[in-house]
Amino acid sequence: MFTGLHSRKGVQLALGLMMGVVFGFLLQKGGVTEYDVIIGQLLLVDFTVVKIMLSAVITGTIGVHLLKSLGMAQLHPKPGSVGASVIGGLIFGVGFATLGYCPGTVGGAVGQGYLDALFGGFTGILIGAGLFAALYPRLEAGVLHKGDFGELTLPQVLKVNPWAVVIPAVCVLAGFLLALEKAGL
Amino acid sequence: MEWLSMKLWSPYAVGVGIGILSWFTFLVSDKPIGCSTAFARTSGMIERLFRGSTVAEKPYYVKFAPTVDWEWMLVAGVVIGAFISAKLSGQFQLQWVPDRWEVSFGSAISARWLVALIGGVIIGFGSRWAGGCTSGHGISGTLQLAISSWVAAICFFIGGIVTAMVIFRLFAG
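Here the protein sequences line up with chains G and C, keeping their order.
Position 122, counted from 1, in the first sequence is what this note's numbering calls 122; the numbers after and before it change by one each time, with no gaps.
Position 29, counted from 1, in the second sequence is what this note's numbering calls 29; the numbers after and before it change by one each time, with no gaps.
Hints may contain errors.
[Claimed, not checked] One side of the interface only, derived from the structure: several residues of chain G facing chain C at Cβ under 7 angstroms:
id	residue
1	Q12
2	L13
3	L15
4	L26
5	A73
6	L75
[Unchecked claim] What follows is a set of in silico ranges between Cβ atoms, one per label pair, in the way DEER data are often shown:
id	chain 1	residue 1	chain 2	residue 2	range
7	G	P168	C	S5	32 to 42 angstroms
8	C	I20	G	F176	14 to 24 angstroms
9	G	S7	C	L8	36 to 46 angstroms
10	C	V68	G	F2	13 to 23 angstroms
11	C	I20	G	K182	19 to 29 angstroms
12	G	K182	C	L8	20 to 30 angstroms
Since the hints were derived computationally from the structure, they do not count as laboratory data.
Beta carbons: idealized from backbone N, C-alpha and C, even for Gly.
This is chain G alone, in the form it adopts within the complex (with noise of 0.2 angstroms):
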């Protein structure tokens, strides 16, 4: 219904600033562009990360896979490898603690005002970005498809329609959110 958008450049790129001044604002209105927030959840005393997160991917799952039936779109799932999923998430992890935003959330802030998020954060994620590249092809030929799963998705795995998967993943995930509201967290 949309394919012939999708190859539209100048309509994308006003597309895609729109729908990131949506996210944003509710990335601030969910108080996941501060600091306090994200180690928060590190720390394990507030759960407003979790929450969001697991929300909207239960809202997305339904909605994108009812979509994909439909014909209407296509699932676009990245890559991976053990060396570079693993390995990568927990650089990652560490660089997310140290920091204490991520680089969406650290636009938020520093549309926020956060001067921290700016010339820390946001300049920080540059570099480590252009060392990654320079390093990239070294990495490339060994450690990154170290153990590689390719760009599979749970269902093709298990070579089950999507929603035996969708159905029970949603319900897990909510139930996960259940229990932590149970739990007063």
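Fit chain C to the supplied structure of chain G, relying on the hints for placement.
Then chain C, alone, in the frame of chain G:
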């Protein structure tokens, strides 16, 4: 319209809102929400300013061209959207040192700046190593039930929780 100027919304309302936004990014733009690739592209653009067009031939920038794309505009939009939200609620303020940091490590700007910069370098490096960040893997990838994203997102939090505990339990004054 009082809700637009509220300081905080329910995390569930915000999460559902982001989830619905992701429906539209897939439907209208054929794109998952993600932020860290834009930093790699920008880094390439900056490097090109100093070292010329050969930068675009680096293998990583062949894969992720140093140009303004949909996701780059998304990140620009995040800055603007958060600014609007903070202005509406009266929360916009220039601040160097966050409260939770100040309680444990004092109010020196230089210390917070340096640690934020180091943290930024690590998270920027790690997000490119893992091929995504809290939004690209943590929300968009997990909602597609991608294996790579669930693994990465869980590792983000394992690494983050351990590091936060070390920083705040061991080094806090």
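Here is what the structure says about each hint:
Given the 7 angstroms rule on beta carbons, the hint for Q12(G) holds: about 5 angstroms separates it from the nearest Cβ of chain C. At a threshold of 7 angstroms, the smallest CB-CB gap from L13(G) to chain C is about 5 angstroms, leaving the interface hint in force. With a least beta-carbon distance of about 5 angstroms to chain C, the hint placing L15(G) at the interface is held under the 7 angstroms criterion. Restraint check, L26(G) versus chain C: the minimum CB separation of about 5 angstroms is within 7 angstroms; hint holds.
With 7 angstroms as the threshold, the beta carbon of A73(G) comes within range of chain C, its nearest partner Cβ sitting at about 4 angstroms, so the hint holds. Nearest Cβ of chain C to the Cβ of L75(G): about 5 angstroms, under the 7 angstroms cut. The hint holds. For the pair P168(G) and S5(C), the supplied restraint of 32 to 42 angstroms holds, since their beta-carbon distance comes to about 40 angstroms. Judged by the Cβ atoms, the range 14 to 24 angstroms given for I20(C) and F176(G) holds: they are separated by roughly 21 angstroms.
A beta carbon spacing of about 40 angstroms between S7(G) and L8(C) agrees with the range 36 to 46 angstroms that was offered as a hint. A beta carbon spacing of about 22 angstroms between V68(C) and F2(G) agrees with the range 13 to 23 angstroms that was offered as a hint. For the hinted restraint 19 to 29 angstroms between I20(C) and K182(G), the CB-CB distance of approximately 26 angstroms keeps it satisfied. Taken as a hint, the range 20 to 30 angstroms holds for the pair K182(G) and L8(C), whose Cβ atoms sit roughly 22 angstroms apart.
The structure agrees with every numbered hint stated previously.
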